[in-house]
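S.K.: Chains as they are written, first to last, in our numbering: chain A, 1 to 342; chain B, 1 to 295.
Treat the hints with care, as some may be off.
Restraint ranges, calculated between C-beta atoms of paired labels, are given here [to be verified]: (1) B:V96 with A:N163: 14 to 22 Å; (2) B:Y80 with A:F226: 47 to 55 Å; (3) A:N163 with B:A212: 34 to 42 Å; (4) B:L90 with A:A322: 46 to 54 Å.
To spell it out: a stretch of chain A is covered by chain B in this simulated footprint if at least three of its residues, at any positions, have a beta carbon under 8 Å from a beta carbon of chain B; those stretches are [what the hints assert, rightly or not]: (5) 137-151; (6) 190-200; (7) 255-267.
In case anyone wonders, no lab produced these hints; they're calculated from the structure. Glycine included, every Cβ here is placed at the ideal spot set by N, Cα and C.
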Amino acid sequence: MKHFLTALTGRRGSHVLLASLLVWLGTAVAAPVTHAQMDFSLDEGEGEGTTEGEGETFDEGGDEGGGGEDGGMDFGLDEGGEGGEGGGGDVIADLAGGSDGLSDDTDRAPRETETVEEIFAVQQIYALRLNRVEVAPSASFTLNDPYIAHPAGSLAINYWFTNVLALGVSASWFQWGQPQNRESDLNFFVRRSTRLGIPVNEWQLGAYLNFTYVPFYGKFAVFNEFIFQWDAYIVGGVGMMRTRPIPVIDPEIRQFDFQNRVAFNLGLGIRVFVSRFFGVFIEFRDYAFLEKFENLEVEVQTDRRNNPDTWLSDTTTFSNNATVQVGFTIFFPFNFEYNLPK
Amino acid sequence: MSRILTVTTLAAALLVADAALPANQAHAQEIQITGPLAGQPAVRRMRLYRKGRILLEPNFAFTLQDEFTRTLFAGLHAGYYFTDWIGIGLWGAYGVVGLDTGLTDQITAQGVTTDRNRLSLPSRAGFPDQTGSLTWAAALQLEFVPLRGKLAIFQKLFVDTDFYIFLGAAFVGVEERADVHLAGVGETAGTECGGDAAAVAACLQTSQTARASRVAIAPTFGAGLTMMFNDFVGLNFNWRAIPFSWNTSGTDESGDEAGDFPDGAIDEDDRFLKLNQVFQVGIMIYLPTAPEITE
């Protein structure tokens with residue numbers, strides 16, 4: 001109420017009172033967070049709107065009547081730099097501070113209680129994840145397989161049961177057209193130059209149960225102008241891969257069906273928030289599983305050559321599929337509430 | 001189809017509505033805009049780690065996506081930055097170790113030499129000696145730092161960080177199998193192997209270990225992330241690409257002018273364009289040790 005009293009003592013107090021009422025009504029229907037913030041501005045900044053606070057630090061302003069004639073809210077030189085000019089854009093602060101010259105004619109009662117302005121070391125996290133569901137479609141390509149490409153379309157759904165930890169599922173689909181079309185020239189060159197057949201496998205589907213943990217978060221300034229929030233996360237889980245060999249050693253006889261392999265994955269990603277519910281991400285992820293390749297040897301006897309038990313290699317190979325995944329993420333619900341105002 | 005269209009339309013409408021209608025909850029970013037910090041610079045008292053400073057960065061790097069040989073580099077990166085967001089850099093690295101890939105090991109163990117591929121693979125045991133390798137690399141580059149920020153690690157440790165990209169010209173020392181051709185194929189490059197079968201075999205065996213060096217000039221570009229430990233020491237990660245053509249396998253891959261394969265010669269026609277990639281980790285040291293700090 002202090003700003004109303006102050007306004008009433010001015011020459012144009014009625015106008016200011018009306019404006020204050022309108023602004024107050026406007027803010028009354030806004031969110032609690034906004035209300036808290038506006039209260040912060042009014043009570044702390046406006047009440048002792050003398051010029052003494054101009055250019056001083058925030059703490060000093062609080063003690064001595066911080067605010068100044070323009071803004072009423074001044075974080076001081078260290079933080080706000082320009083003193084009273086720093087309040088530009090804060091309607092309530094401008095009105096209360098008497099930017100129309102009102103302050104020169106206003107006698108303000110000394111503040112009876114000391115005001116302590118709080119500067120929070122850690123601001124509110126831009127986008128909370130707690131109790132939200134994240135849906136993240138993405139596309140991926142393989143980094144470390146020089147023989148055949150494994151492009152995939154993926155979808156991940158995560159539930160964030162803390163702000164930094166989520167449990168979710170993901171699935172990737174790898175089977176697009178004929179696998180021979182995804183083989184690299186290297187396969188052909190090696191076969192031609194060294195007479196060495198390279199067994200390659202085709203993948204169909206990967207499905208995983210994952211945990212996601214966010215150990216890093218931060219913000220970037222672009223040319224000291226625009227700030228955007230980002231985080232880095234570690235993701236890992238267990239699931240299965242469906243794979244089968246592409247017959248290259250004895251393609252006339254051998255045909256393979258897809259088999260399930262137990263698989264693990266571990267990755268590191270970076271997510272940039274475009275808004276509080278939408279972001280884009282890029283992640284490096286390694287999928288590891290035990291793979292069965294085509295047998296490099298062909299049986300001479302026809303009956304044994306036709307026996308599927310001889311088509312696969314006796315040994316298993318530990319395969320790593322190092323991928324880069326690029327996609328976007330949507331958090332539901334779109335809005336959320338902070339527990340604390342700041 | 002209509003169901004998909006309906007769901008898509010609903011989803012789009014929800015997104016638009018959420019963006020267009022006034023939110024019940026005020027957003028933190030909006031509070032800052034209308035609050036006491038309105039009109040203030042995005043960052044205050046920012047340390048300008050790069051502006052007017054010289055960077056010296058000893059580093060370790062290794063090649064990625066190699067087909068036959070992987071190279072480990074020890075190098076040095078020096079730079080000078082006119083502002084906090086742009087500068088010039090010089091990168092040099094020497095290949096200290098070359099490692100055979102699994103494919104090279106497989107060819108060494110199981111490759112087969114026939115009369116038709118004897119030029120490409122004179123002997124399987126000698127295959128590692130014929131593969132190409134990178135011996136050194138240097139680059140002059142323009143470095144651009146669009147993103148500057150800070151990073152919280154486990155919500156405890158806060159470090160200043162920036163993201164940068166670079167573009168420049170690279171000079172790469174390449175060592176490949178020396179040019180060689182079979183007699184009577186109409187090629188002239190390098191050593192000619194002719195005579196009886198034994199003489200040709202002996203000549204090709206010798207050619208398998210013969211090396212030729214050259215300097216490849218190529219564009220280079222990449223991106224990196226830095227993290228500062230204090231005012232003048234930091235950690236740098238970057239990825240670099242240097243696309244140029246070379247013969248990584250030392251084999252005959254091209255046909256003759258009529259398109260018939262093989263052309264019986266190993267020469268510059270057998271070089272193919274590769275996106276050579278290098279990943280680097282380095283310790284950055286900025287001089288002078290005290291950075292400029294903004295208001």
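S.K.: Determine for every hint whether it applies to the structure shown.
M.R.: For each hint, the structure was consulted:
As the Cβ distance of V96 of chain B to N163 of chain A is approximately 45 Å, the hint placing it in 14 to 22 Å is violated. Between Y80 of chain B and F226 of chain A the beta carbon distance is about 27 Å. The supplied range of 47 to 55 Å is therefore violated. Our hint of 34 to 42 Å for N163 of chain A and A212 of chain B is violated, since their Cβ atoms are close to 59 Å apart. Distance hint check: the CB atoms of L90 of chain B and A322 of chain A are about 31 Å apart, inconsistent with the given range 46 to 54 Å.
Figure legend: the segment 137-151 of chain A, annotated as covered by chain B; annotation consistent (3 residues with Cβ-Cβ distances under 8 Å, at least 3 required). Counting residues of the segment 190-200 of chain A whose beta-carbon sits less than 8 Å from any beta-carbon of chain B gives 7, enough to reach three: the coverage restraint holds. Counting residues of the segment 255-267 of chain A whose C-beta sits closer than 8 Å to any C-beta of chain B gives 0, which falls short of three, so the coverage hint is violated.
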